[in-house]
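Can you make the complete structure from the sequences, with help from the hints?
Going down the list, the protein sequences come from chains D and W. Each residue of the first sequence is one higher than the one before, starting from 1 at the first, in the numbering used here. Each residue of the second sequence is one higher than the one before, starting from 1001 at the first, in the numbering used here.
Derived from the structure by calculation, the hints contain no laboratory data. Each hint should be verified, as a subset may be incorrect.
Result set (BS3-like, lysine-lysine): computed pairs, CA atoms no more than 25 Å apart in a straight line [what the hints assert, rightly or not]:
| id | chain 1 | residue 1 | chain 2 | residue 2 |
| --- | --- | --- | --- | --- |
| 1 | D | K197 | W | K1105 |
| 2 | D | K197 | W | K1145 |
| 3 | D | K197 | D | K207 |
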Amino acid sequence: MDKLFPKLPLDQWVETLVRYLWKQAGGGFDLIKMFISGWVDFLAFLFMGLPDWAMILVFSLLAWLLSKRSVAIFTFIGLSLVSNLGYWANTMQTLALVLTAALISIILGIPTGIMCARKKAVRDVVMPVLDFMQTMPAFVYLIPAIFFFGIGEVPGVIASVIFAMPPTIRLTNLGIRQVPVELVEAADSFGSTAAQKLLKVQLPLAKPTIMAGVNQCIMLSLSMVVIASMIGAKGLGADVYRAVTQIKIGKGFEAGLAIVILAIMLDRVTQHIGNHKKNKGERV
Amino acid sequence: MIKIQVKNLTKIFGSKPDKAIQLLQEGGSKKQILQETGLTVGVNQASFAVNTGEVFVIMGLSGSGKSTLVRLLNRLIEPTRGSIEIDGEDVATMSKEQLREVRRKKLSMVFQRFALFPHRTVLENVEYGLEIQGLLKDERQEKAKQALALVGLSGWESSMPDQLSGGMQQRVGLARALANNPDVLLMDEAFSALDPLIRKDMQDELLELQSSMQKTIIFITHDLDEALKIGDRIALMKDGKIVQIGTPEEILTNPANEYVEKFVEDVDMSKVLNAEHVMKRPETITLDKGPRVALQLMRDSGVSSLYVVDKRKTLLGIVTAEAVSQAKAEGLTLQEVTETNVPTVRPDTRLHDLFDLIAFSALPLAVVNEGNRLLGVVVRGAVLGGLAGRVKVKQEPPSEQSLERVNLVG
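Written out as structure tokens, the structure is:
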């Protein structure tokens, strides 16, 4: 059999493609890298600009505004513990990384999701790509990420984006397509333009579903930080990775706990953003 | 004046409809086309005209294509063939921009399940059509409030739709459609989701609003009673085809085919027929005649009372056989024994409303017009005959002159 059908040189094709891309758009990749690392550094700087206790208050207050009191209390206690254990700087670094990845995923994912909802042709192309992105082991696209962006936080962000964007696209598409047909007909029957229909009817009604996508996106980004630390991204992931390689159970637990606290905090806040607005609407 | 002229409007669901169209033109049925081409016929060559200010009801059972038809009119569903002319402009062929303009200015739609935007307040819902036209907030709120007042929902502006009952939600739907001040209202089973009592109220209110607004209304329903009540004319659909168009009376009394006949056989005739349809030719006498003539007339025509009229048939009163006998015995004039307190009804009084009157009146009911001119008489037997559906009405709408043609069978 080996002789009859020689092995397809798929590996070589992929490498050739990656090299070709690099040759054609190397400058572009540099630009992206500069932009992303600049943004992550800016966020990290922002988060560490004030003393720990002041930032803990700011975050708790934000949690209260965006969500509810119990989440604010959890944020306060959780972040105080993180600060006390000495993981403050790395937690903020991770937060900057996660928020950057989530932001890029949302900026790219929501419009893509909208296009999927509107055109079946787009959907037919995008959906298999999403399946591919989600099932291909994350480690695999770390390799081209390193190739294009070197080591450090930027390939980590890119890998997180690839991993975390699919649910945003899927749930945006789903949310818009789940808007009842009659409401879409009502919007059309009064002579709405496509943009008016989208902004005044479809997106507001799809918001809870889209927010669920955003929540998923942030959670998946967070789950990527440990993997990203393998290619030199700073933050809590690096602490965990170090603890694993050195078999330091206690340190590993501390760093892991900090990730869990961050995760719960982000999850509760984003879960409530959508509901919060809805409740406000009902009270009018 | 014709407002909407629909010609050969056809909708085939599925791609490559040419073969199906050809089959339809050759008279193929919906079932046959599904078998031969695998395509579904939504609407089959519908043609009709709706006049300005008319309530045109499209009626049929579910699956008859009526909801598809109404969506073809504002192109929520794209027609496969045919034309829809509104004020002479063909909606079917106009550009997207023109269509949007027509939808904004001329056509508004009311939906079966209300289709209110759940994230907007009642006022914001009603404002929607004006908002997308770019009206300033003050102006559109003003108009929206007027529309809400029209449907009796002032004071509910800041409520959310899900806080309202079904009937109130549909009022919001109606107000939303009226806020644009459209010429044409498309109402797709607008009251079908409401419970019967509320539905009746809404029908009455729609008729009341219509009497002052004079919109052109296309009303879809599967409920025959509703169609008969609010429709000036009714189109009956089956398998995507319009099988009969006519006034409620025409549909009931001259069903075009077995299908229509079956559809209308259970109808409550008392809500459809008027005094006009069951009245008989009255036996009359003028005051210059004496009691003897009166008695002779009664004997000849086999009745026990005569209506007293003047030369121009104005109703003056009634004389009964006993009164005339008394007059003859005591030498009184006819005028002196005339009973002037006569129960009267108008020709357009519904049969339904005659029951009480006739049950508690010893005398028959006189049917008079606005000028108190005697047109006919309603006796108990005729009311019962009408209920049994034994009335034949000619195609022309009944008028004073059509009295002779109203023929009571049995």
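Against the structure, the hints come out as follows:
no.	hint	in the structure
1	K197/D <-> K1105/W	holds, 17 Å
2	K197/D <-> K1145/W	holds, 23 Å
3	K197/D <-> K207/D	holds, 14 Å
Of the numbered hints stated above, none is contradicted by the structure.
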